[in-house]
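Visitor: Listed below are the residues making up each chain.
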Amino acid sequence: MPAGDHTIDPFAGLTDEVPTTLADHLRSVQLVDHHVHGVFDEPIDRAAFEASINEGSTDPVPGWMTMFDGPLGVAIRRWCAPVLGLAPHVSGDDYWAARAALEPADLAERFLRPAGVARWVVDTGFQGTLITPPERLTELSGGVPSSEILRLELQIESLLAAGTSPADLPDAFRARLAEARPHIVGTKTIAAYRCGFDVDWTRPDDRTVAAAAEEMLARPGAPRVDSAALSAFAVHEAAAAGLPVQVHVGFGDRDLDLHRADPMLLLPLLRIIEPVPVLLLHCYPFHRQAGYLAQAFDHVSFDVGLAINYLGSRSVELVGEAMEVAPFAKQLYSSDAFGPPELHYLGSLLWRRAMGLVLGAWVRRGEWSLDDAVRAVDLIGVENAERVYGL
Amino acid sequence: MPAGDHTIDPFAGLTDEVPTTLADHLRSVQLVDHHVHGVFDEPIDRAAFEASINEGSTDPVPGWMTMFDGPLGVAIRRWCAPVLGLAPHVSGDDYWAARAALEPADLAERFLRPAGVARWVVDTGFQGTLITPPERLTELSGGVPSSEILRLELQIESLLAAGTSPADLPDAFRARLAEARPHIVGTKTIAAYRCGFDVDWTRPDDRTVAAAAEEMLARPGAPRVDSAALSAFAVHEAAAAGLPVQVHVGFGDRDLDLHRADPMLLLPLLRIIEPVPVLLLHCYPFHRQAGYLAQAFDHVSFDVGLAINYLGSRSVELVGEAMEVAPFAKQLYSSDAFGPPELHYLGSLLWRRAMGLVLGAWVRRGEWSLDDAVRAVDLIGVENAERVYGL
Amino acid sequence: MPAGDHTIDPFAGLTDEVPTTLADHLRSVQLVDHHVHGVFDEPIDRAAFEASINEGSTDPVPGWMTMFDGPLGVAIRRWCAPVLGLAPHVSGDDYWAARAALEPADLAERFLRPAGVARWVVDTGFQGTLITPPERLTELSGGVPSSEILRLELQIESLLAAGTSPADLPDAFRARLAEARPHIVGTKTIAAYRCGFDVDWTRPDDRTVAAAAEEMLARPGAPRVDSAALSAFAVHEAAAAGLPVQVHVGFGDRDLDLHRADPMLLLPLLRIIEPVPVLLLHCYPFHRQAGYLAQAFDHVSFDVGLAINYLGSRSVELVGEAMEVAPFAKQLYSSDAFGPPELHYLGSLLWRRAMGLVLGAWVRRGEWSLDDAVRAVDLIGVENAERVYGL
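Residue numbers (full-length UniProt numbering), protein chains in the order written: chain A, 1 to 391; chain B, 1 to 391; chain C, 1 to 391.
So here's chain A without its partners, still in its complex pose (with noise of 0.2 Å):
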């Protein structure tokens, strides 16, 4: 990332705070982003956009507020008006005016390409046709390479979709699981969305298996996993096969219901899958539990993604948060950026800045030696994820 220029430098300001040698190594050290979306690939309209930066609501944004007067909005008219050529701090309107005046293509080079990530570990099961695929994201960044992650959910339900039979199914699953392996570095579950984590996580036969699966078809309807027994055998069949597996957990739209996405719940699941990478997302605002749970468990690994956009200048004390109990060989950097390309490049920024700050202050006391600090930036932003993935 650049360097020196109060606009665009992520240590702008920081002069005093962050290490030069700290901060230089953040601007240079090219990240994974283990967990991350598309961008839009066509033009939106504002309301759209407004949207896209409000994570939980279903609301359209009402017209007596903007999204651009709150702590994503505000970071995104200091850090990426600049890359548009505008001045830090621009309304939330010129923002605007200055972005619609740009072609898609045209707004995710612009972002993507300074975002300062070796690889896009691209998770494609969400909404998946509004945005651009792996290859074209890894196009439009200058050709940072682009890794795929599976949603096992969408697999069962794209299975029964097409016509398998509730028997057929648990074969059909290991048959998919086999023919994407070559094609992907692991898996992800969404069910904190489905069912909650307060289940039962016991691998189930193929027996039970078909039957919540029969029972799910005889609801009007597409098939829509929500069932714990079909979520559960996903994962555990996901495991089985050697493939990571990617919890989403905490932070997410208001369809979840947060308390039974808390991370502490998956407990029973922890403690008899397959050690495979498991690996908590967002975690927020339970993020203290899930570096607990990464301490405790040596396949558990977390991040805490999507809020590091989310709460702006408030990413500062997340990551300090996130720095409490973990090994740093248990952290890993993402972004969870989806649509607008801002947060593709904004999710490194913060992340960086973050680290500047937490590290620094600790470096600045002596608490902590700069080799250690830059150890802890390597691990959680590149070479975790090259681990857990085999990248």
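Watch out, some of these pointers could steer you wrong.
[To be verified] Some chain A residues well away from chain C (every beta-carbon gap over 12 Å; in silico):
#, residue
1, T7
2, L14
3, R27
4, D41
5, D45
6, R99
7, L102
8, T138
9, G143
10, V144
11, D168
12, A222
13, D253
14, A326
15, L359
16, L370
[What the hints assert, rightly or not] Short derived list, chain B residues pointing at chain C, Cβ under 10 Å:
#, residue
17, G13
18, M65
19, D69
20, G70
21, G85
22, P88
23, L258
24, P285
Hints listed in this document are in silico derivations from the structure and should not be mistaken for laboratory results.
All residues carry an ideal CB built from backbone N, CA and C; glycine is no exception.
Given the coordinates of chain A, work out where chains B and C should sit on it, guided by the hints.
Guide: Then chains B and C, alone, in the frame of chain A:
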């Protein structure tokens, strides 16, 4: 609030930390205290005073300690002592001696007038006979107007106590709401104290309400609403009448099961209620969850009142955490002061100081513009309350 | 603790942040470590050492990581290395080499003596054969006296293992408490590990206790108390005997369901127990809830021991959060050190440093007087423990 003099200036000691323009704005802005109670109108003894600065306990303060040696006690000795002509940091004994020498009305005037409040939105439902009614609060504060909030559970109890039959309760309650409507700006539920939030929030029909009232009356003692059906009824009726609903959340006295007052447990209600403004009050230590809900639902807002006073110097971090995910249009200021007028003053002072420190750091680092900081102050301190209550 | 030399002064690097008087007081105050265990009395290998600085895991530390690269590991390399004559921030390998060259007794003396502890209050109930008993801890620390805490569940298990019949258990347990009483200053329950807190805390009658013991004995293996009835019995008996009760809360190893060790779930017990001192131990990440309970109940106090060590540099924020709502008479200091004597030393050092930073900032801003800061240190570090245990 007064500037310069380090004994009473809310930004004393923060010259390097809070930009002058921001400090000046925070000194002068006249707040809407959107959730507050009256002040003591009779002299109290020291035990009663100490009890009134201990939220939660029903034990008497034991002989081996004093509430003056706690976060709120330190804040009172620091910030309220100068208002009584004492030096900052006087001992608890000296503070008490000076305070005890003044009449309640004199005390009230000394603290209410410099609080910098433009309007009190008063909850009159709790221990209403010990403290001043709204019109007296207005008088003591030099003409600051008051608006009134109606306690929902109390209306049910008073209707039944006055002889309304269970079968007549639903209509009588609706009639009372209709009658109260011109005189109030909103309503409040204390379901947190009565049934907790992990209950059925479906809107009950009148027959169910009557049966719940019948059951309550069959018990000995004065009628006390503690069934989910009655709280749910009252809340849905208030919403159907288009009235804002305040909800006590989190921090409160020990009668309350704090973990059953987690705002996430309100999800089933928030998903179905008529979208009138819902104001989550206090929220500590679940204020992050409250901010998340305020982001996820257009009709939900929150505050961290009560806790600001109780945390004393730590109110800075609390206010910081409250700035994490909610748009600035979704947070409000309140003191939740009750009894000693010190609390009406201190809530206002600590909030200004905390906002100055939190926003000031971001402005100094170049992450926020001064304009953004001022706008966030105005929204949270004044304008959001004006909008949600139609003041 | 030593001043000046930046390699070992706990306030190294903080000249501008901690007022000299406060730093000097914090260097010299002799603490009561109110919850601590013995030190290893036999040489251990590196794997055992790394395991002993990983709370929670029962997995071996995997080859791709080291606990030296984590918050506690960094703190050991920074603060303990100089005690062994090494430079701060040595590598984990170098630290291990120096440590491994020393005898256990030598190691213990080096770390225990400069810990600045006036009294160890020792929990002897866990893996008591691997580590030093209280008298040896006293000897190794140069004569610092020890007091003893009795583990409640262990007494039941040992009585039954020694042949006490279920029917005789209640009387035998009471007799053991009476017999132990002159030799102990308090008791401890590990209900968190055995039954969780979301259980029936009613005081069971002797018949219920006998039945629970009967049922336990009917299972294969050594007797292991894991029924709520037995823990509730033990706790109520200890309280009836006037003995303080320590309660393991929150942070612990992964056998524990952390979310079922939330102190709020103890409300039903706290509301009915004889009001002996109840000490909530550790509490992370529920320390805010613990502070709330300490404020709400005269007989409840808490600490953030164990977590202070595990959070390393982040112990500052932890100590800050622990200062939020509880009066200063309701919090205690502990290290919860177990095994490596580094932990006995580091807990003390990090607590002093954190208190210096937290209180120092408030003093510098004029929010607290130096006297108030010193009094809070003395209460939390020394006097509260003296009072609750009658030392």
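Visitor: So D45(A) supposedly isn't at the interface. Is its beta-carbon more than 12 Å from every beta-carbon in chain C?
Guide: Since the minimum Cβ distance to chain C is about 42 Å, D45(A) lies beyond 12 Å and the statement holds.
Visitor: Classify the hint on P285(B) as holds or violated, based on whether any CB of chain C lies nearer than 10 Å to its CB.
Guide: The hint holds - P285(B) has a Cβ within 10 Å of chain C, the shortest such distance being about 4 Å.
Visitor: Verify this label for me: T7(A) is non-interface relative to chain C, using a Cβ-Cβ cutoff of 12 Å.
Guide: Consistent with the label, T7(A) stays out of reach of chain C, its closest Cβ about 31 Å off (over 12 Å).
Visitor: Since G143(A) was said not to touch the interface, does its Cβ keep a gap of more than 12 Å from each Cβ of chain C?
Guide: Given that every Cβ of chain C is farther than 12 Å from that of G143(A), nearest at about 29 Å, it holds.
Visitor: Grab the minimum beta-carbon distance between L370(A) and chain C and tell me whether it stays above 12 Å.
Guide: At about 9 Å from chain C, L370(A) fails to clear the 12 Å cut-off, so the statement is violated.
Visitor: Would the least Cβ to Cβ distance between D41(A) and chain C come out above 12 Å?
Guide: 38 Å, holds
Visitor: Using the nearest Cβ pair, does M65(B) come within less than 10 Å of chain C?
Guide: 4 Å, holds
Visitor: Would you check whether the claim that L359(A) is not at the interface survives, using Cβ distances to chain C and the 12 Å cut-off?
Guide: At about 9 Å from chain C, L359(A) fails to clear the 12 Å cut-off, so the statement is violated.
Visitor: Would D253(A) pass as off the interface with chain C, using Cβ distances and a cut of 12 Å?
Guide: 23 Å, holds
Visitor: So, as I understand it, the hint says P88(B) touches chain C; can you test that by seeing if any CB pair is closer than 10 Å?
Guide: 7 Å, holds
Visitor: Is R27(A) truly not at the interface, in the sense that its beta carbon sits beyond 12 Å from all beta carbons of chain C?
Guide: 23 Å, holds
Visitor: Decide, holds or violated, for the assertion that all CB atoms of chain C are farther than 12 Å from the CB of R99(A).
Guide: Holds, since 37 Å exceeds 12 Å.
In terms of the numbered hints stated before, the structure departs from hints 14, 15, 16 and 21, listed from lowest to highest.
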